[in-house]
Amino acid sequence: MIIKLSLKNLSFGYTSTEILHTMTLDVGDGQIVSIVGPNGSGKSTLIKCIDRILTPSSGSILVDRQDVTKMDRMELARTIAYVPQNSLRVFPNSVFDVVLMGRRPHLGWRGDSYDEQKVWEVLQLLGIEDLALTPFNEISGGQQQKVLIARALAQDTGVILLDEPTSNLDIWHQIDVMEIIKSLMHKQGLTAIIAIHDLNIAARYSDSIVMMKKGKIVAAGKPDIVLNGDNLSAIYGIEANVRMLDDIPYIIPLARIPVKPARATNGTGHKRPVPPAR
Amino acid sequence: MSTPKRTPAPRTVLGVKRTRTGKKSRIEVEHTHAMWKKALFLIALTVFIVVAVGVIVTIGPMPISIIEVYGIIINTVIPDIVSVTKSMENVVLQIRLPRIVGAIIVGFGLAVCGCVMQAVLKNPLASPFTLGISSGAQFGVSLAAVFGITILGGPYILIGNAFVFALICSGIIIALSGLKGATSETMILAGIALNYLFQATNQLFNYIANDDQRTLMSVWGMGSISGLNWHSLILLGAVSFICIPLLYTKAWDLNLMTVGDESARSMGVDASHVRMFIMVVSSLLVAVLVAFVGVIGFIGLVAPHIVRMLVGADHRYLIPAAGGVGAILLLLADVISVNLLSPTVIPIGTVMALIGVPFFLYLVLRGRRQEYWS
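Residue numbers (this note's numbering), protein chains in the order written: chain A, 1 to 278; chain B, 279 to 652.
In isolation and in its complexed conformation, chain B is listed as follows (with noise of 0.2 Å):
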């Protein structure tokens, strides 16, 4: 990409004298305002987890007071300070931190997966669920517990399949676009179609497991951010660290990518290396993400669109926005399936669909943006 070169602005631009006396007109106005609202919008989200985070901290089933969950996480900085049992330090720092932490980085890597790839395949029903990536993942983890199929050892064995098999799903979607004629259509139905093939394998596996092995698949189907720990956040933290930011160098032609290949083309954006380049990058993420926590389903539909609604198409604001609604939306979802039924917890991607779809469909229902999906 070479630079262009750059000119400053002329008095007469396209030959046109201009009317405007410095002045900006009423919509030029509205439009900063409208620049300003997404801003801080984007503001408002960061506030909004920071507080949330604050408050969440301090609710659990273990009755432990707001000043001495304060003190644990000072003492962690500057030690003994305030003087806390040993078993509520470690239900600060070794449960709650490490889900609240997990619920950020999972919830917010799965919102931005998603909305990069409803955009580069120009898609509203595209998400890492949808595109059987995490069923993928699942069969991976079916066949360590039914047959014993494993790629890595230890601690890791359930975690190495679930990886390795949802890598091999989003491998067979991409090598589809590779192939001639190939549009993003094929790649939508690939998905959906492997989608079908491994919840088929999937059933067929949990009707030969026994008990032990049908409990350990239908937690995992199920979705859950309790068994993450700070060894395993470190490297979620890591490879979000490094996915998300290339994904969001690639805002300016994702929103070219949405209007069309042909146009994207005609102004510039090679359309097929973009789509492979964001197939690439977030399957990857979301690969490691879904192995660590099982099948989630319904983040990374719906943030996307419900940022949308809010601060519109454009991906400089988009991207963000909707990690910050995913994040938000798993935090919640996670405070209410440990301290609802406490103590039984209830798997996090089952409340995610229960309070997610309503406010979705309130949002779609709303009727200010009928047109949304033409």
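Bound conformation, chain A alone (with noise of 0.2 Å):
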């Protein structure tokens, strides 16, 4: 496997707290990799950490073997593009004009006509062409994830971030998306990051699963491997069953696992080792 990117000890964080420890982890070219983790245990921090959006303490992010801590921004937005939750809405910026800021770090002052060619083809890529002149308000919660995937296709990168691209839609738009990423990442070859809560739609559009808890890779692996009982509960603190259909993984939640009595056990009757954060 040739590996697209490669996190090296990366460390985040202020003064007094750590938010990532001395993360390591590679990830091979062309796959989709879900990272999964409960609230605050840093999957955004660790997406914007490698797109430089917030500044690792330590260690170092290889994209080709190219250290991206010592790219110029321009570079590094042409090496790595980041999708992010949902955009800011302050002005009305038409959808064809979104997608055209992706382009800014290909461009020089102005536009031109092959940028724009180039936000056509993407437009068209994720049959969204018709929305081109719609503003971006205007349009519904997932036809916006589209497009903004849409910007980070006309960055032309080899690596997208995804920072839960599919919380805050329904789930017709949850697959369709993740269709569309998992479509657009074996046709062209891209590599995508995903950090996701949604650990059904992670295990069925991933080729491998990173586990994070408190700033830490817990479990890294296929998803039938890494999304178990054992970790559900170590990691969640849920009791769930895991039912395996087509080689892919369900899980079905049972009920959360008491967090006072320290020494209680588990389902499968292991230790708990520490109670959830947060």
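A couple of the hints might just be wrong.
[As the list claims (entries may be wrong)] Here are the simulated EDC-like pairs of lysine to aspartate or glutamate, each with C-alpha atoms no more than 20 Å apart in a straight line:
1. B:Lys302 / A:Asp115
2. A:Lys222 / A:Asp29
3. B:Lys302 / A:Asp97
Honestly, the hints are just simulated from the structure, not real lab data. These figures come from a predicted structure and were not determined experimentally.
Put the two chains together into one complex; each comes in its own frame, and the hints tell you how they fit.
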């Protein structure tokens, strides 16, 4: 497997509190990797550190064996794209204008026809061409998410980071967005790293899953290996039934494990190590 | 910023064969039309300003015929073509023309500053006035008027004070943005707080001032372009000529700033750097403008909004269009302020609000863009 992106001893935090602890991770070329974990485990922070929206305090991030921490911001923006959870909507940008923003790292000072052409290609690819002139504020949440993905594609990078692309979407749009991500990644050979809450969606669409807790990677690997009853009880503090369907694990949450009695045991008979964070 | 490598458009982009056979789809044609409309809007604005200047120069309390007015103007290039009296020449060249040129420069500059400040602070309420820069300048003027505390001497007593205190005020706001964890909301709040502080001190000064001092302060506080002459216009023009192009070079980055700092950063724009740059350059321009003309509050806030409703939020068009609309608004306000109750001159800031507010409310309530500030 060719390594596309690798994190080496990546740490992030302010002087007193460390949010990410010396994380090391390799992501293969063309893979979809989901980062899961309870609230406050550092998923979004990790995504933002990789794109240097937050500056890591130590460690290195390599994409194609180039250290992105030494790149200038424009170069970085041509290497890694980022799809935020949602976009600020203070002023009325059209969908076309929003996607055109993704061409910024490739532009000189003015837009030219190649960049506009590229925007049309991307809009067409996602099937949202007809929305091009609609104000971004006026389209639905699912469509907005697609527009933000289109913007990241317009950036023309090898790696795309997505921060909770399915939260706030109904189930149809969740599947829609994930199908689009999956087909795009496989078609274009892009590598995607997705911070995501929904374990079932993550299991179904990822090549591998990284489970985090309190800024550390606690488990990583194929979905059916990482998502098991032991991990769910230790990391999430829930009792869950994991069923396999076509080699994909499906998680049926049953109950939360009470936090109070510290020595309580979970369904599989293991001692609960630490109460879940928040 | 390294120059990106350019590759010619490949036949297959992103691995997808193009279904279009060189023909543009309906929506692409519409988009092209929309771009043309924006360009046309800019051209129309320019034409309108030129025509308006041509008409306005002939209007005034002193009866001078249209032919005489243009004769006077042509006389400055080729002397003695038309014979006119000295006083007519004075009115046209030393009163009317400076007012017109001043209105255009000041209106354009304030509107552009409001526009870029709104973008970097991501707040539709940001403007040179709401950020307290104008009231800072007024504080400086009051200091000079009431206590005689001045920074520059000679004819620049008030202007020097206004300029320095406007700069101090924006300096405080900008310094705050350099603090760790400061957001654009912090800057807006700091600006509004400073605005209140200076207004309070101005009221205090007003209370203790004698009648002469009070008149001086209140005239300045209502804004006026009557005090402009060719010397001050050259200075204003020069500063605008440097600052506005500088602001315009950031048009692309401003577009990205409006979707949030994190997104901007992920697309290669250093948000805090751009914010700092824009705030420093625009505050400098505002400080100079305000120092000469006093408080003219409405343009910087509203001209950008009017233009956003008409041409959208792309700063490549928005900045010049906002400037144009600002110039027109101030030109019209000036005509009204001079001619409505002639020979009394109504303060231009007041006229501005009187004609601008109903027009703006009409645009807001028209209902086409209900989600405009969502």
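Results of checking the hints against the structure:
For the hint linking B:Lys302 to A:Asp115, the alpha-carbon distance of about 16 Å falls within 20 Å, and the restraint holds. In summary, the hint linking A:Lys222 to A:Asp29 is supported, as the alpha carbons are separated by about 15 Å, within the 20 Å threshold. For the hint pairing B:Lys302 with A:Asp97, the CA-to-CA distance comes to about 18 Å; that is within 20 Å, so the pair holds.
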